[in-house]
Amino acid sequence: MEKLNEISELLQKGRAKNVAILVQEALDEGIDAKVILSDALLAGMGIVGEKFKKEEVFVPEVLIAARAMNKGVEVLKPYLQDSDSQGKGKAILGTVKGDLHDIGKNLVKIMLEGKGIEVIDLGTDVSAETFIEEAKKNNADIICCSALLTTTMPEMKRVVELVKSENLDVKIMIGGAPVNQDFCDEIGADYYTDDAASAADVAKSILEEAKC
Amino acid sequence: MLTNEKKEQLVSDYEAWWNHELKRPIIQVTLAKNDQGKAVSRGQLLDMVYDYSIPAQEVAKCYRDTFESQIYLGDAFPHFYMRSTGILGAMLGQTYTIDVERGTIWFEEMKGKELEDLQPKLAEDNQLYQRGIDLIKAFQEEFKDDIALGIPNLGGMMDIVESMRGANNSLMDLYDDPDEVKRLNNDIYTAYEMAYKNYMDIISQEKSMGYTGWTPLLSQKPYFISQCDFCCMIGPDQFEEFVAGTLDKEASLIERSFYHLDGPGAVKHLDRIIESGFGGIQWINGAGSKPIDDEGWTDIYQKVHNAGLLLQVYCYSKEELRFIDHIVNLLGTTEGLAFICNGQEEDKEIFESYLEKYNVPK
Ligand code: B12
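Sequence order for the protein chains is A and B.
Start counting the first sequence at 782; every next residue gets the next number (our numbering).
Start counting the second sequence at 446; every next residue gets the next number (our numbering).
FYI, nobody ran anything at the bench for these hints, they're computed from the structure.
We put the beta carbon where it would ideally sit given N, CA and C, even for glycine.
There's no promise every hint is true.
Which residues of chain B face chain A? A partial, calculated answer using Cβ under 7 Å [what the hints assert, rightly or not]: (1) A612; (2) M678; (3) I679; (4) I745.
If you want the ones that stay clear, here's a sample from chain B, every Cβ over 12 Å from chain A, calculated [unchecked claim]: (5) K478; (6) D562; (7) A583; (8) S615; (9) I719.
Start from the sequences, fold in the hints, and give me the full structure.
Dropping the structure here:
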């Protein structure tokens, strides 16, 4: 649909104000809120994610696109209430203790939300205990840990150990520049990806597997 | 400390290296002695450097124990510069905290200020800036030509913008207020140029072993290393718009200029960085990513070499000495290369065997 494409295009350019206006127009024209969300906002964000993976766009473009998406979602929120309850799954996300880097983590959040996954963002400097507590409290499906410092990576191992010792039914996904597949294998985490868009793809497939 | 003969050899070999006339690689080996004597930790040194209640002369005296706790082999030499990356931001008003345990310092975001509120100017009487001067003078007096001296690690312009604004804000600013970002970047550059010239001038006034920088190459002419870690987050267009122009200016300001290329995310800008006119490139592969001798980095070494630039990498342990063989074999030359190696006293023989292999005087 013309209008939805237009919203998606504007979102990709980060034009937050225009996105909000057009989302309202689309609603006024009687287009279903869920359709606007999936075919305009999430679709646009999906394209940004793909382009980011291919290095066609970079961090600033993703951040402004996400800001535009949030503006659009704000307009849609009152119309989406009932569909919210049957979300596609829950993820706990945070940067590990001692580490304040959050740009990568925020991108992971944006991409996960772009796949319709509910994200509980614990921010930065999050201890292994807090990850576990929040996962239990929220009945989360996935714990996503980000680390950018070699000195803070060991905290991820503690998350894995605590999940095991408490026998929690939750998958652990890790990432951040110094993290790699070898480290993931070594500490026994479930998944590693090297960019945010792939993180969202993996999370989605984990949740789909869990559903069947 | 080094003998006069050794110092002369270092000075003349490094000069030949900078002029692309040295027929061997530069290989520095700095080993930590088993007995660390009275040397204090990196974090404690950092703390002293920033503690105005401790006279600069006392800091210099304390460094003697540090220099004596190391063995300098091959092209290595004792040196001093004021840490840490981006200190210029603090001279321009950023607050900071020192983490003594980790030996690092954090420069804090200037919260609550809009982009246009940030109008940094370097004041001659700024305490931290003055401390930098006092330290250089104190080290000159204490060590004469036994050590080389570097200017404080001022940092990269956009890295300081990012640090002042906070990373997320600074990235959005590129879209929301590009002109103000350029204005701020330019103000920081003005301060940088002033600090650079004044510090270099002070180093030049007394005889030392030579100039060095936060990457310890030795030079008889002013030498410094430019950087922009921020660039790993932006694409080529924004690199051109916000970064490249300043790098061009830095490369022409600094007589012997080097660029610190940090991590896979920075590689996409290498061609433009080379165009800026730097004399050399330092390549850091980044924690967690493939080692220096991975095939994936071949392109970087070849580009730098083919452009006629000097190339420097680190070997952080005896296991990493293989990087020297890798790069020498790959480029088919021992010239124009520098390897800065660190290790422990007990591995001395292994390091010495590499010095011998590449004809580096011990
Ligand atoms: C921006 C930055 C900062 C900013 C952070 C601002 C912020 N709000 O995040 C500031 C200036 C505050 C900062 C501070 C420090 N930093 Co810093 N910083 C960086 C820099 C330049 C970029 C990091 C970044 O955001 N990259 C862009 C994002 C998008 O990439 P990313 O985080 O890797 O995320 C991607 C993937 O990894 C993945 N991903 C990320 N998280 C997750 C999670 C999951 C679950 C998954 C699946 C995937 C995933 O998806 C993302 C997008 O595709 C890097 C340099 C570099 N080359 O990486 C240094 C760097 C990470 N910092 C470093 C250091 C040392 C520090 C300081 C200690 C410096 C100091 N002395 O002050 C402090 C530490 C503060 C602290 N306690 O955390 C070092 C780390 C060295 C090491 N090996 O440990 C680096 C590598 C710089 C260097 N070369 O020395 N830093």
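Here's how the hints hold up against the structure:
Because the closest C-beta pair between A612/B and chain A is about 5 Å apart, less than 7 Å, the hint holds. A least Cβ separation of about 4 Å between M678/B and chain A falls short of the 7 Å threshold, and the interface hint therefore holds. Hint status for I679/B relative to chain A: holds, with the closest Cβ pair at about 5 Å, below 7 Å. Given hint, I745/B at the interface with chain A, is violated; its Cβ is 16 Å from that chain's nearest Cβ, farther than 7 Å.
No Cβ of chain A comes within 12 Å of the Cβ of K478/B; the nearest lies about 25 Å off, and the non-interface call holds. Here D562/B stays apart from chain A, with its beta-carbon at least about 22 Å from theirs, past the 12 Å limit. Taking the minimum C-beta to C-beta distance to chain A, about 32 Å, the non-interface status of A583/B holds against the 12 Å cut. Not every CB of chain A is more than 12 Å from the CB of S615/B (nearest about 9 Å), against its label as outside the interface.
Interface exclusion of I719/B from chain A stands, the closest Cβ pair being 19 Å apart, more than 12 Å.
Going down the numbered hints, you'll see the structure goes against 4, 8, while the others check out.
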